[in-house]
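**Student:** Sequence:
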Amino acid sequence: MEITIWSDFVCPFCYIAEEHLNQALCTFSEKDDVTIEYKSFQLDPVGTYQSELNYYETFAKLKGMPMDKVTQMMDSVKNMANEAGLTINYDDAKYSNTLKAHRVFQYAKEEGRGNDYFHRFYRAHFVEGLNIEDNEVIEKLSQELELNLADVQSILNDSQTNHQKVQDDIATAGSIGVQGVPFFVFNNKYAVSGAQPIEVFKNVLEQVAAES
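In terms of my numbering, the sequence shown opens at residue 45 and continues consecutively.
These are calculated hints, taken from the structure and not from any lab test. Just so you know, even glycine gets a beta-carbon here, dropped at the ideal spot from N, CA and C. There may be inaccurate statements among the hints.
Listed below are the simulated BS3-like cross-link pairs for lysine-lysine, each with C-alpha atoms no more than 27 Å apart in a straight line [unchecked claim]:
1. Lys184 to Lys209
2. Lys233 to Lys246
3. Lys209 to Lys153
4. Lys184 to Lys75
5. Lys184 to Lys153
6. Lys122 to Lys246
7. Lys107 to Lys122
8. Lys246 to Lys209
9. Lys75 to Lys233
10. Lys75 to Lys153
11. Lys233 to Lys153
12. Lys105 to Lys122
Across the chosen pairs, the derived CB separations fall in these ranges [claimed, not checked]:
13. Asp195 to Asn123: 38 to 48 Å
14. Asn98 to Gln251: 41 to 51 Å
15. Glu81 to Glu243: 21 to 31 Å
16. Asp88 to Ser120: 36 to 46 Å
17. Gln94 to Asn247: 19 to 29 Å
Input sequences plus hints: build the corresponding full structure.
**Tutor:** Right, dumping it as structure tokens:
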């Protein structure tokens, strides 16, 4: 079974939904025959890290929302993550533009490390409070994944390298009606969007397996 996931490193519902999928896969009898492929998506193509603002302040400014509403919303997301067994640390998180990280992701994918790359960057953003827009951070995390540093630096130093591959992923998403992430496609046939419960993923896995 093939599962394609459109996601962004800073998307909390992607982070949570993928944990729900992982938990569903734990009890799936054919889990060893499942392959997962990530596709790039950007929640906010123009937003960027602002060192003078914390995550809550940046979000409030960008969305034009009062701080109490932002805090309430973030608390709700953190609680949802906790219920899935995950940690989201918005007190230290850095609001980051993800284009550069996605361009390097395309290289990691070619090297067979795309899924590991996504998981590492989730943790860097949501747990460790790292600015995944920063070149040095991207280089460090890439080295942890044993990617070639010179290749990563070359990609970061040329804004056009892998840019089209990222845009192609986003365009493909648009062509099949994706308006937000996470978005999961099972065997190019069944689609699941949003941070669905574990039971939803279990049902889809069983249904797709039964029809394969």
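**Student:** Can the suggested window of 36 to 46 Å be confirmed for the beta-carbon pair Asp88 and Ser120?
**Tutor:** violated, 19 Å
**Student:** Should the hint that Glu81 and Glu243 are 21 to 31 Å apart at their CB atoms be regarded as holding?
**Tutor:** At roughly 24 Å between Cβ atoms, Glu243 and Glu81 fall inside 21 to 31 Å, so the hint holds.
**Student:** Please work out if Lys75 and Lys153 have their alpha carbons no farther apart than 27 Å.
**Tutor:** holds, 21 Å
**Student:** For a C-alpha distance cap of 27 Å, please report whether Lys184 and Lys153 respect it.
**Tutor:** It holds: about 17 Å lies between the C-alpha atoms, which stays within 27 Å.
**Student:** Please verify whether Lys105 and Lys122 have alpha carbons no more than 27 Å apart.
**Tutor:** holds, 20 Å
**Student:** Is the Cα-Cα distance between Lys233 and Lys153 27 Å or less?
**Tutor:** The given pair, whose Cα atoms are some 23 Å apart, holds under the 27 Å limit.
**Student:** Is it true that the C-beta distance of Asn98 to Gln251 lies inside 41 to 51 Å, as the hint says?
**Tutor:** holds, 43 Å
**Student:** So if I understand the rule, the pair passes when the alpha-carbon distance is 27 Å or less; does Lys184 with Lys209 pass?
**Tutor:** Cα-Cα ~23 Å, so holds.
**Student:** 38 to 48 Å was suggested as the range; check whether the CB atoms of Asp195 and Asn123 agree with it.
**Tutor:** holds, 40 Å
**Student:** Please verify whether Lys246 and Lys209 have alpha carbons no more than 27 Å apart.
**Tutor:** With Cα atoms ~31 Å apart, Lys246 and Lys209 exceed 27 Å; violated.
**Student:** Evaluate the given range 19 to 29 Å for the C-beta pair formed by Gln94 and Asn247.
**Tutor:** violated, 42 Å
**Student:** Hint check: Lys184 vs Lys75, CA-CA at most 27 Å. Holds or violated?
**Tutor:** With Cα atoms ~32 Å apart, Lys184 and Lys75 exceed 27 Å; violated.
Violated hints, listed in ascending order, are 4, 8, 16 and 17; each of the other numbered hints is respected by the structure.
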